[in-house]
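Protein sequence lines, in the order shown, are assigned to chains P and E. Using the numbering used here, read the first sequence as starting at 1 and increasing by one per residue. Using the numbering used here, read the second sequence as starting at 1 and increasing by one per residue.
Accuracy of the hints is not assured; some may be wrong.
Same chains, same names: a pair is fine if it fits in one copy or spans any two.
To be verified - Below are the DMTMM-like pairs computed for lysine to aspartate or glutamate, each with C-alpha atoms no more than 25 Å apart in a straight line:
id, residue 1, residue 2
1, K334, E176
2, K334, E85
3, K129, D341
4, K334, D235
5, K129, D115
Don't read these hints as lab results, they were simulated from the structure. Everything numeric in this text was worked out from a predicted model, so none of it was measured.
2 protein chains.
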Amino acid sequence: MADGPDLLGRTEELCAIASESRAEGRITDHLDALLAEGAPGLERTRVGDNLVARTDLGRPLRLVLAGHTDTVPANDNAVPRREGETLWGLGTADMKGGLAVMVELALAVSEPAVDVTYVFYAREEIAAKESGLEELFVERPDLLEGDVAILGEPTDGEVEAGCQGSLSVEVTLAGERAHPARPWMGRNAIHRLGDLLSFLAAHECRQPVIQGLQFREALQALTVTGGVATNVIPDTVTLMVNHRFAPDRTPEEAEAAVRELLAPFLEDTDVVTLIDSSPGAAPALDHPLLAALVDRSGLGVRAKLGWTDVARFAGRGVPAVNLGAGDSTLAHNKHERVEGDRLEVSYRALLDLISVGP
Amino acid sequence: MADGPDLLGRTEELCAIASESRAEGRITDHLDALLAEGAPGLERTRVGDNLVARTDLGRPLRLVLAGHTDTVPANDNAVPRREGETLWGLGTADMKGGLAVMVELALAVSEPAVDVTYVFYAREEIAAKESGLEELFVERPDLLEGDVAILGEPTDGEVEAGCQGSLSVEVTLAGERAHPARPWMGRNAIHRLGDLLSFLAAHECRQPVIQGLQFREALQALTVTGGVATNVIPDTVTLMVNHRFAPDRTPEEAEAAVRELLAPFLEDTDVVTLIDSSPGAAPALDHPLLAALVDRSGLGVRAKLGWTDVARFAGRGVPAVNLGAGDSTLAHNKHERVEGDRLEVSYRALLDLISVGP
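Full structure from sequences and hints, please.
Encoded structure:
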């Protein structure tokens, strides 16, 4: 598009400003200044290192476009490097390409057909409890109100609808200590893990179809620790099991399902403890704004199997999807990069949506 | 025995001198002084915190009586406490009762029928490489020469003949990392442990009979560690497997047997590494001195399933057994204790052996 904005240039500009998690002050200042200069019609509010910029045109629908400003630590890729229509470097895909699309939409469209809220938030790449988006939901929920949210996480330019939930349990199996030369005097807790792990290895998880989208659950042991000393039959072993569940189940239902699967391998003295739990988000492609996005853009649609911040919106009753130009498999990878034409596709789809409405 | 030595009193005297591993100086001084005073015919040699006292009567056979002077750390039982014919406290069973028997034999018999070497050595309760007995074997092997060795470790007053060997291997299984929401993109190394652990749980080890004694091998996972992070399908898990093997196998044969058992669960990228290995000791009850001990004392005889310092003697061609009054199951336990009549039985058996010979 000869007359469009320089999306790759804007992405490079944003990537040149380091913003590892908890150090998003400078990039937020920069975004604030860009919008103050180029989009004076937006109401801008800074909350900590988060920035929210909103139109207030009294439109019947409001669309939230949200993206995080932080990156994971650099991995020999702190300085963005351009090669033709490809930009390499930390944050190009995850997700300063998405931020560039948001900025250019704000600068280009002062009178959208729907009210638009641009949310730039901090600390997405670290522990969920530090999330800048959560900070906004707690401090200023009014700023995040809207009918639909679209997040710019890398999705290879497809619409990723909904997301699966995630929960983790810690399974501790008991045994009885003994001397390794006389193991029959005790009971080896590590040996008791065998059948449980074989079950997990063979277990076929549910693959429900929801609103036409194929989800696929997972149940995986992620860490294991056991043993007392090198001269003791171990009386304890602890397995952390993570479950990704489709959004047709609540966290409570998913936890009950996990406990039921584990039960045949447990005895009275064993303990299963819920460590953390995050709800999924149902796809909401029947919402007029999302239906319009999918119909008119021609973009592919798929289920999001991982957990993302769309669940924070969905949990507050705001249907949300991810749509970003980056290659999701290259996020957090030293070969992270984004292509100019992919940014273009995202920009075009969103430009059409906010210009025309549902 | 009204006219015998006060074995329980001597044990109490030795228990009152603290001698946790690496702090055996005081008790060794005390033993040295006792022997200097009461057994002037013995040649005494101090090597570090080890003490060797020998007759040199030109007898055709030499018997080594050996015991360690150290204890594990106290567990609310540092001060010995006597109740009738029972002495409670740290070191009573493991093995100052045995030291008391050795001291009283040295004081009572100045002209034994066999030459006798009394060995009091340090640092048995900690890492094998710190062993005071090993220090003696390296520094002054001449002092430990003999035809048979009897160690005073607690054996409930029975003769424990030979001992099983011990080896440990570290088994590392490989996988491939992936996101926990897409585990099928990788391979879970922890899940791969399932079949191996189920095999170990069900495996029946060899129970060979050697010289009429029943041995019983063991193969046990003692520690397990696996996992990368709570958001990664793990690509590695490490299991430490310990094998106790009967003395009809060399460590090399035992290692080969373990590798053969593990092989069906391993792939090319998995690694099995030998961590440590100690040979067992064949029972040598056909030696005239040991045959005489068993025949004339009427003591029970059984195979030693754990590893003990008898293997250090056996490895140097000196047949060795354990014989001690203490209850082996109470060693390292806060309820450790020894009974006077059990000390008497050990003392009587050894008194007869060194007084009469084979």
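Hint by hint, here is what the structure shows:
no.: 1; hint: K334 to E176; verdict: between (47 Å within a copy, 18 Å between copies)
no.: 2; hint: K334 to E85; verdict: within (18 Å within a copy, 74 Å between copies)
no.: 3; hint: K129 to D341; verdict: neither (35 Å within a copy, 66 Å between copies)
no.: 4; hint: K334 to D235; verdict: between (42 Å within a copy, 19 Å between copies)
no.: 5; hint: K129 to D115; verdict: neither (29 Å within a copy, 75 Å between copies)
The structure does not agree with the numbered hints 3 and 5 stated previously, though it agrees with the rest.
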